[in-house]
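Protein chains in written order, with UniProt numbering: chain A, 1 to 384; chain B, 1 to 384; chain C, 1 to 372; chain D, 1 to 372.
These are calculated hints, taken from the structure and not from any lab test. Small disclaimer: the values here were computed from a predicted structure and weren't measured. Beta carbons are placed, not taken as given, at the ideal position from N, Cα and C, and that holds for glycine. Among the hints, erroneous ones may be present.
Said to hold, decoys possible - Among chain B residues calculated to face chain D with C-beta under 7 angstroms, some are: (1) W80; (2) W158; (3) V198; (4) A202; (5) N203; (6) L204; (7) A336; (8) R337; (9) N339; (10) M352; (11) R359; (12) A360.
Said to hold, decoys possible - Just a sample of chain D residues kept apart from chain B, beta carbon distances all over 10 angstroms, derived: (13) Q31; (14) E109; (15) H328.
Spelled out, the chains give:
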Amino acid sequence: MVEDWNSLSDEEFRAIFREWVEANCPAELRYMRKQRPLYEEVKVWYQALSKKGWLAPVWPKEHGGMGLSPAKHMIYVEEWGRLGCPRIPDHGIGLSGPLLIQYGTEAQKAEFLPKILSGEHIWCQGYSEPSSGSDLASLRTSAVLEDNHFVINGQKIWTTLAHCANWIFVLVRTDKEAKPQRGISVLLVDMTLPGVTVRPIANLRGETDFCEVFFDNVKVPAENLVGEINQGWTLAKSVLGHERIFLGAPTRPEYALGRLDKLAEARGAFDDPAFLSRYAKLRLDLYDLGSSFERYAKVLRSGGELGADVSMLKIFTTELYQRITEEMLMLAGEEARYNDDLEAGNGHVDAMNLFLDSRAPAIFGGSNEIQRNILAKAVLALPG
Amino acid sequence: MVEDWNSLSDEEFRAIFREWVEANCPAELRYMRKQRPLYEEVKVWYQALSKKGWLAPVWPKEHGGMGLSPAKHMIYVEEWGRLGCPRIPDHGIGLSGPLLIQYGTEAQKAEFLPKILSGEHIWCQGYSEPSSGSDLASLRTSAVLEDNHFVINGQKIWTTLAHCANWIFVLVRTDKEAKPQRGISVLLVDMTLPGVTVRPIANLRGETDFCEVFFDNVKVPAENLVGEINQGWTLAKSVLGHERIFLGAPTRPEYALGRLDKLAEARGAFDDPAFLSRYAKLRLDLYDLGSSFERYAKVLRSGGELGADVSMLKIFTTELYQRITEEMLMLAGEEARYNDDLEAGNGHVDAMNLFLDSRAPAIFGGSNEIQRNILAKAVLALPG
Amino acid sequence: MPQMVLDDDDGVIAMLRESVAAFAEGRPGPQTVRSIRTAESDMDKAQWQEMAEAGWLGLMLPEALGGAGLGIREQAVISEALGRALVTAPMATASVLASALIAGSQDSEERSRLAANLVSGSSIIATAITDDIEASKLIARAADGAIYLDGRREFVEAAHAAVDFLVLARLGDEDLLLSVPAGSQGLQLIDRPGVDGATISSLIFTGCRLDMSRILARGDLGGLVEKAIDLARLALAAELSGIASKAFEMASDYTKERVQFGKPIASFQVIQHRLVDLWTEAEFAGSAVVNAIERLGEGDEKAARLAILAAKARASDAAFLIGRRAIHLYGAMGFTDECDIGLYLKRAVNLGAMFGQAEKLRRQFVSLERAA
Amino acid sequence: MPQMVLDDDDGVIAMLRESVAAFAEGRPGPQTVRSIRTAESDMDKAQWQEMAEAGWLGLMLPEALGGAGLGIREQAVISEALGRALVTAPMATASVLASALIAGSQDSEERSRLAANLVSGSSIIATAITDDIEASKLIARAADGAIYLDGRREFVEAAHAAVDFLVLARLGDEDLLLSVPAGSQGLQLIDRPGVDGATISSLIFTGCRLDMSRILARGDLGGLVEKAIDLARLALAAELSGIASKAFEMASDYTKERVQFGKPIASFQVIQHRLVDLWTEAEFAGSAVVNAIERLGEGDEKAARLAILAAKARASDAAFLIGRRAIHLYGAMGFTDECDIGLYLKRAVNLGAMFGQAEKLRRQFVSLERAA
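Isolated chain A, as found in the complex (with noise of 0.2 angstroms):
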């Protein structure tokens, strides 16, 4: 438990990892449909996770984390993927942590990492509101500081997860009369307060991955704010870090190939050249993707830090995502009319269910249309 992972060779430290995951996530909880599990579905494996000190990698070690870097992060997500465990509500973990280890106070370090780390505390994340999308700086929920509280009025939209966590960590405007980018602050919230509502909103796969919060009168004490008055949205954009990177990761398309394969096995389809030709881009496509991926994880791995340059990965990513998917409704012919899954030999592929779900990512962690502005401006340096 008081290992340096970082010391050890990237192949050691892999092949331990391998090995105790193996051993220690459940058979029926890997592979998993379902995208976003709710901590209910995926609580034996959470709690392995927290009893053998490994469910918060890139925590410190004095907060109960594994202190890997960014390179042994990589392995560490890179195997996870490859066992196929299934995520587990990482609001916590991932963001409102790494958020108060930065930013928190003694007191709010020594409250709320502990019962991340149990599992008492399930956070999710209030950034995005009805009119925001990915204009995140024209937020309108406000805190108004009355008696040594701050009272919330608003509402925010897809918080992921919001139905099955009872902590939120949300963006609030503390100063109306300042820039849109100004007046900003980050509150931590008990989700039981009264005047917190939560709509679980159904999206086009029938799942409830997200929901509106809505928030009435809202009082939480003053020590909630996170960092200094008015200062949340640098807080807010600097949790991001390194981690920006795995919105780039071929997982989606990887794993939406891995089905497209299999069907097409089952139906034949490899024996047709123009299924072959158009299998033949997306694999490609891929395995490109896999070596510019690799570029960047490079520089993690040799202590570097990436520049905006890596948001390219996450516009490919996506939108491989989709290709993919459109060929596998177009492989299942007329199948392609059920919602439900497709047989395919010993097996199933979701086919309806992975094309559905690959119209997100698009969308979320910013459009790819506000990623490609950003790399307009910040790496090829173009006017206006």
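Given the structure of chain A, go ahead and fit chains B, C and D onto it with the hints provided.
What follows is chains B, C and D alone, placed relative to chain A:
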């Protein structure tokens, strides 16, 4: 010669026109590889049309034209293409003539129209300038009125076939203080005047379809002004009229697909389902372009006017032309390395020639970006 | 708004369009889609009945059989309007395809009964025929003055609502077109959820016994069935064209309302150009359907067939593309189930896959054209 | 600027790049392209000689054969830089492919002579081998202590400049790798203009007689030739990647300068997004080449082969796409011959079609990978 062509049925007119063309357009001029032959190269055909009175299909009969309705004109153009007649230097017939008929003085009409019909005057058109591109209103070539003469200074570019023309009609700035689209006039200029210099520009195909034309203190009589001074912008825009539809005609992709067919036959490519699949997409795009073109042609035939929406055909046909020629290079395999024509059974296919030529139409006649801007505003009424 | 441009001297086209629009106002399509889905049902029978009352069912049946004796032109106009309004009734199969098969059958009491039922909407006729006509044929054998059917047919719409099924079967060296009563012994239904919410069924025939009177036509029926499917395809193309057109409009309207960075997103050039391209696709779809209607009216069978293949391919690609892009233009909202735009996309997927996906139809077009 | 990202602890990479850039400053690539085209020549021999002096020819040959003993990494860096500068020398064939064939040959005087000539640039060695290895084999027969060759080989670069040709031939059941002296009796050249300006020749062998000493290798040479072609492909991929990168930069720079409607066109969002996509393609091309270099260094033959196929496919598609789009971004200027951007596109077409177009290589990738 004095018949009312429009009183014939479409079929009768088509049959008459076709029969005469078959008999009078020399075989060696049909299906020429060269897209824009010089006057000297096609003089025989020009003169045959002239003698027959069929050179100017849409000019009113009192000026020596055929006075065709848009419907009959459509047939004229269709048959011309179908029979492989060469393009003739047609700026006099298509642009200067209509401009003078609509806006010219009686003296101008009497002077210039007969000489267009006789072939004595070969016209070109001086619109674009080095810095203007698709933004015509920014032109800088100036004309100053002195002693009943305009003195012209400046430079035109992309002037098609200027090196075989002896007259040019130019857009010039006659008022530098006015807003960009005001202060522009149209002048008729004898290209043999001192101070006019023509420099042909080779294009990607190594041919010289267009030129730069320099004006160095060129003095032209004031009576060479067409219409009112400073009203040239309106004049220049108006002469396009219903002929805009021909920018969207399927002619070029149709020809290119025919060549692709021939090459594919010769190489046995229709046995490759991967080729067939890509070919089928191109074939159907062409077929559907025909259906959409027909929709607008029908409007003209029934005496209607075309709106800005017809520009979508220009975008579609020029981009389809490019895609077809790109497929041709793919089909050529390693022979795509050759600059000359490819053997294809009993004949040749000018794959590289077409590929390079297809770069132009998406740029000229208002780039496709400009066309999309116009459609967004004028048809879809999008804001901003 | 992109739609089929048709001559309408007598105002019939406009009238049909208005009647569908009025119908959809009283019975909004998306609402019906959701209620069918929630009920895990295969269709909304009350809606169908109202459509019958509006005179839209079997309208291409000859007047002698109780139909309106109208043509594919009027059918296409209605289908396009239904597509726009997302009225997801099984029009292409239970009305267009069924009508064409019944019209092409021999005169019989059974035929008259079916025709009357179809037009009145009183009992629904499902078709168990796909574009793979050979594979659509059940195995028939004749014994003790009856016909026995075996085999399995997939992708049947409205199978639970149906009172009769139209099926093809092979008996010795001839084809049979038969009507099978719902609930027959030896006929089993297996259901799967369809992407647009309505259940799609497979029919399993195990020695299913039919009266000889159930034979509607016999002999070489390939040509009849092929032409009937072509009409269904054309109706689908029109419906898809309507879906494409409406999904485009919804996306276009949304981008005008949606403000980001202080401006409606429709003012961003990238969005504008994308909308122009989608609009072009929708316009092309409409023109392709009009072209098919006209070719069909001219009597050159091959030319008509080509035009129909092209129209269905174009319209389904247009609806699929526009549906996908529209969801993206709606942003996160587009990814929610409560936003109607997703229903348009799902409907486009469903109809696009019926009687041949675009790629398959394009390949058929080329082989037919080159077979000349 | 998009380019291969490689570790360069000892600064060799930077040094190589600078030396190519300096070379191109003295001898601008586009100028040489135009002079070769005007002269209807196959290459610029003086330029080649200077490249030899810079130490770039045969640099992968072992030191024992007079080479620099460098690897594909350094070769790729040079090829990429040549691509950027549009130095259109036959590097991939007359240096990379020829070196690999010579290095894989048996030790002989002839081999040493060729190696020395290659490195010194004093006499040029053209290769008459395409990626269709079987079809590349001439028919050989042995008689009176000599070899006689018959057959025809297409797509030979630098055929007029060459002093020797490397050819493959089939003699009975074994392959021969041979050097053929230019001007041999029974060897005829037929020329055609290449798209990038240099002549491409076909060689026709009619009983062409060779000394036995001209045999460089014999036996089953499939593996040797395949690996040699893979190295040439990787060099081409690097060169294409350089072309893509430079063409992107030229287009990007042009859009910043070019003013329309009062603004540089690079400020229009549609242009910006298009440039972002082109830039991504160029970056992907560079990463694909780096990946191939690394896989090749790891010794897993299949993994290396896959990576090379991918790199050539990606880089040629990137260069072709960027070339086309760049011409469009240049507007009318891009359609003129005097604008260099067209030369980049033409070079991309030429190199893209050598040793397999992208589509063909992708299909090879998939069949090789699936053959596992």
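Right, here's what the structure says about each hint:
For the restraint placing B/W80 at the interface with chain D, the shortest Cβ-Cβ distance is roughly 25 angstroms, beyond the 7 angstroms limit, so the hint is violated. Hint on B/W158 holds. Least Cβ distance to chain D is approximately 5 angstroms, under the 7 angstroms limit. The interface hint given for B/V198 is violated, since its Cβ lies 15 angstroms from the closest Cβ of chain D, which is over the 7 angstroms cut-off. Using the Cβ-Cβ criterion of 7 angstroms, the hint placing B/A202 at the interface with chain D is satisfied: the shortest such distance is roughly 4 angstroms.
Look at B/N203: its Cβ gets to within about 5 angstroms of chain D, closer than 7 angstroms, so that hint holds up. About 5 angstroms separates the beta-carbon of B/L204 from the nearest beta-carbon of chain D, less than 7 angstroms, and the hint is met. Interface restraint check for B/A336: the shortest CB-CB distance to chain D comes to about 4 angstroms, inside 7 angstroms, so the restraint holds. Below 7 angstroms, beta-carbon pairs count as interface contacts, and B/R337 has one with chain D at about 5 angstroms; its hint therefore holds.
Residue-level restraint check for B/N339 holds (minimum Cβ-Cβ distance to chain D is 4 angstroms; threshold 7 angstroms). At a threshold of 7 angstroms, the smallest CB-CB gap from B/M352 to chain D is about 6 angstroms, leaving the interface hint in force. Evaluation of the B/R359 hint against chain D yields a held restraint, the C-beta minimum of about 5 angstroms falling below 7 angstroms. Among the interface hints, the one on B/A360 holds; its C-beta lies about 5 angstroms from the nearest C-beta in chain D, closer than the 7 angstroms criterion.
Residue-level check passed: D/Q31 sits 16 angstroms from the nearest beta carbon of chain B, beyond 10 angstroms. The Cβ of D/E109 sits about 34 angstroms from the closest Cβ of chain B, beyond the 10 angstroms cut-off, so the non-interface label holds. Non-interface call for D/H328 relative to chain B: violated, since the shortest CB-CB distance, roughly 6 angstroms, does not exceed 10 angstroms.
In summary, the structure is inconsistent with hints 1, 3 and 15 from the numbered list given earlier, while agreeing with the others.
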